[in-house]
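Quick mapping for you: the protein sequence lines, in order, are chains A and B. Okay, so the first sequence: first residue is 1 according to the numbering used here, each after it adds one. Okay, so the second sequence: first residue is 154 according to the numbering used here, each after it adds one.
It should be emphasised that the hints constitute simulated quantities derived from the structure, not laboratory data. Note that the structure is a prediction, hence the values are computed from the model and not measured. Just to be clear, a hint being listed does not mean it is correct.
[Stated by the list, open to error] Here are the computed distance ranges between Cβ atoms for each label pair:
(1) B:D476 x A:P87: 31 to 37 angstroms
(2) A:M77 x B:R224: 18 to 24 angstroms
(3) B:L280 x A:G146: 23 to 29 angstroms
(4) B:N222 x A:P19: 28 to 34 angstroms
(5) A:G146 x B:D476: 28 to 34 angstroms
(6) A:A51 x B:G200: 21 to 27 angstroms
(7) B:R583 x A:V123: 24 to 30 angstroms
(8) B:S573 x A:D20: 40 to 46 angstroms
(9) A:A51 x B:D413: 23 to 29 angstroms
(10) B:R583 x A:A51: 43 to 49 angstroms
(11) B:R351 x A:G146: 34 to 40 angstroms
(12) A:A36 x B:S573: 30 to 36 angstroms
[Claimed, not checked] Calculated from the model, a selection of chain B residues having no Cβ within reach of chain A, i.e. all distances over 12 angstroms:
(13) M160
(14) Y209
(15) E212
(16) S235
(17) S455
(18) S615
Even for Gly, the Cβ is constructed at its ideal location relative to N, Cα and C.
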Amino acid sequence: MTPAPPSQPEPTPVKPEPPDELRDWLRPLADALIPAEDGMPAAGHLGAADAQLDLVLVARPDLLRPLQRGHALTGGMSPAEALTALPELDPAAHSALLEVVAGGYYAHPEVRELIGYTGQQAVPVRVADFPEYLAEGLLERVVARGRVYRPAD
Amino acid sequence: MGSVDGMEHTEVLIVGAGASGGVAAGRLAEAGFRVVCLEQGHWPDRGSYPAPRPTYELEARQRWSGSPNVRGLAEDYPVEDSGSDVAALMFAGVGGSMILYAADWPRLLPSDFRTRTLDGVGDDWPLSYAELAPFYERTDRAFGVAGLGGNPALPEGADPPLPPLPIGAGGLRVARAHDRLGWHWWPAPNAVLSAPYRGRHACVQYGTCMQGCPEGAKASTDVTHWPEAIAAGATLRTGARVSRILTNSAGLATGAEYVDRDGSWRVIGADVVLLAANAIGTARLLLNSASPRFPDGLGNSSGLVGKRLMVHPFANVLGYFSDRVDSYIGHVGAKIVSYEFYETDTSRGFSRGAKWSLAPTGGPLTSALPTRAGSSTWGPGHHAHVRAHLGRTVSWAIFGEDLPDEDNRVELAPGLTDSSGIPAPRIRYRVGENSRALLDFNIAKATESLVEAGAYRTEYESLMRYSGWHLLGTARMGTDPATSVTDPHGRLHDVPNVCVVDGSVFPTSGAVNPTSTIVALALRATEHLIANRRNQRTAA
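Chain A on its own, in the form it takes in the complex (with noise of 0.2 angstroms):
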């Protein structure tokens, strides 16, 4: 069976701009957040402020208003001292930035690579004939211990 088409299709998303001013903030701050390290690049290496920035910022246009604010106030300082301000100065912003800087690192084709990632790909379901658990006794071994339930009418 087949569903009707939408009825009201979604509006195109209107891509946000972020200023380069921002983007030389965030880039820093990235590298702090997600570092070089055990084989794995630096998100601001991979295009945290960048490239990921605007995959972000299309599929998340909610994340850039906070982002500003974060820019605005911690824009003046040292990515370590940013990074220690900004949850107490605006949580919301904080919050923001680390999906900014994790999603757009995670959602990177040579990261997931890097770590092994195979989820969200259309692998059809084999169901079993006689899975292992049938195979070991174990549901013998539940029935056998008996009903769990108590019986009302």
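Since the structure of chain A is already known, use the hints to place chain B on it.
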């Protein structure tokens, strides 16, 4: 449809095209009734679901959130929940909250219908498990439930129509642990197809069930019921938001006022009105339908409309394993379940119990920014933290029975409206003493389970705020009009041509995901309506 004095008129008007509305519409249309359903949301577009997109987890936190307050879409109504321990979750659209549910499909247990008699708490239902069982069987087939019969947590006769979905490496680990502990476990029933069924495709394991199933393998009435209901003659009008039920001088419903997608206010007449808007939406509508004859809201002579809200307080325990269990692959609902601590044991210091569902723990963004138990690490150590979480964790989701409490309630929020100007609801909900003791006990036991399964570390969340999916109890059914809102078939005691067919009618909550019971009750109520059509009082 027809018209009376130029006004559109139908035999049955249904408010809400979700789980119960879809079931009721399908059965009524099949029986030849003229049916109109008004749905404030729209047809979901499976092609727009975020599952395949790399930004899926980001979108899940806003546009595809379960919270109407977070989504903030025009078709949503706000729920003032700042004074509540648990936030209300739902979805407005054809299929209703099934679009975003996990599709766990357990039944209530026999004792859930008799908590007063057996345990001296809550209230007995005006029906028994045995009376509902035939309807469970029919709705299991209609929705295409995958699972395994023979579960000793249920009476015989609860065999799902399709074989169980894979339990995964994590499920097998925990199953073996329960074998060693001598504790109950069973492959979980899910309303997700394990094989092609009635023209629908089987699951392809995106692992994104709670943001819409692009394959249509997860059951929701937009794919399981509405196409056939419409083919049988039912009319489904989307973008149509009901503001109030209208009544005449005899105290009978005459229809409803609603606002359409263009913002035009309209009235539709109906012989019978079915409310299928969930336990917040239905209570809101009844309260918004106050009139000089019904000054406290429609059907509210008992004073119980909106009261006794139950949401299943929800805790979860996370276990970290050295080996990969890849729990982000496959269905999101339960892999396995345990009813070991479901029934009352007075030695534990509380009444009733909890059902456990072994759940996956999400993809990489959720590993970095957990939405359940867990923590975040930024800067040095970030990558090790994510690697420890991603694909190497499983979570026991613990649903505790929520005893009814009249202080937990849905009210109208002063000054708050939806985008059409219709008064919006406020919820007040506090986790009771019994629930807190129940959750604490089960957290300790679930931790024991995961440690036995080999977890080298566990974390827990004692109460998850964004967990209010299971909205129940705000128009409870019963035989006494002084202590219940509806009769045992959902008909308002005060207005006999208005029938509540959603989870509002639950006298108690049980401790299981309620959708399978909601749809079984909806089918039962609809069949009763059909069988008694000749005796049905109407305003006409």
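Here's how the hints hold up against the structure:
1. B:D476 x A:P87: 31 to 37 angstroms: Since the Cβ atoms of B:D476 and A:P87 sit about 35 angstroms apart, the hinted range of 31 to 37 angstroms holds.
2. A:M77 x B:R224: 18 to 24 angstroms: Since A:M77 and B:R224 have Cβ atoms about 34 angstroms apart, the given range 18 to 24 angstroms is violated.
3. B:L280 x A:G146: 23 to 29 angstroms: holds, 27 angstroms
4. B:N222 x A:P19: 28 to 34 angstroms: About 30 angstroms separates the Cβ atoms of B:N222 and A:P19, which means 28 to 34 angstroms holds.
5. A:G146 x B:D476: 28 to 34 angstroms: Between A:G146 and B:D476, where Cβ atoms are some 33 angstroms apart, the hint holds.
6. A:A51 x B:G200: 21 to 27 angstroms: holds, 25 angstroms
7. B:R583 x A:V123: 24 to 30 angstroms: violated, 43 angstroms
8. B:S573 x A:D20: 40 to 46 angstroms: Given about 42 angstroms between the Cβ atoms, the range holds.
9. A:A51 x B:D413: 23 to 29 angstroms: For A:A51 and B:D413 the Cβ distance comes to about 42 angstroms; the hint is violated.
10. B:R583 x A:A51: 43 to 49 angstroms: For A:A51 against B:R583, whose Cβ atoms are near 47 angstroms apart, the range 43 to 49 angstroms holds.
11. B:R351 x A:G146: 34 to 40 angstroms: Given range 34 to 40 angstroms: holds, Cβ gap about 36 angstroms.
12. A:A36 x B:S573: 30 to 36 angstroms: Check failed, 52 angstroms falls outside 30 to 36 angstroms.
13. M160: Label holds. Min Cβ-Cβ 24 angstroms, cutoff 12 angstroms.
14. Y209: The assertion about B:Y209 is violated, with a minimum of 6 angstroms to chain A.
15. E212: Label violated. Min Cβ-Cβ 5 angstroms, cutoff 12 angstroms.
16. S235: holds, 15 angstroms
17. S455: holds, 26 angstroms
18. S615: holds, 21 angstroms
Of the numbered hints stated above, those contradicted by the structure are hints 2, 7, 9, 12, 14, 15, listed in ascending order.
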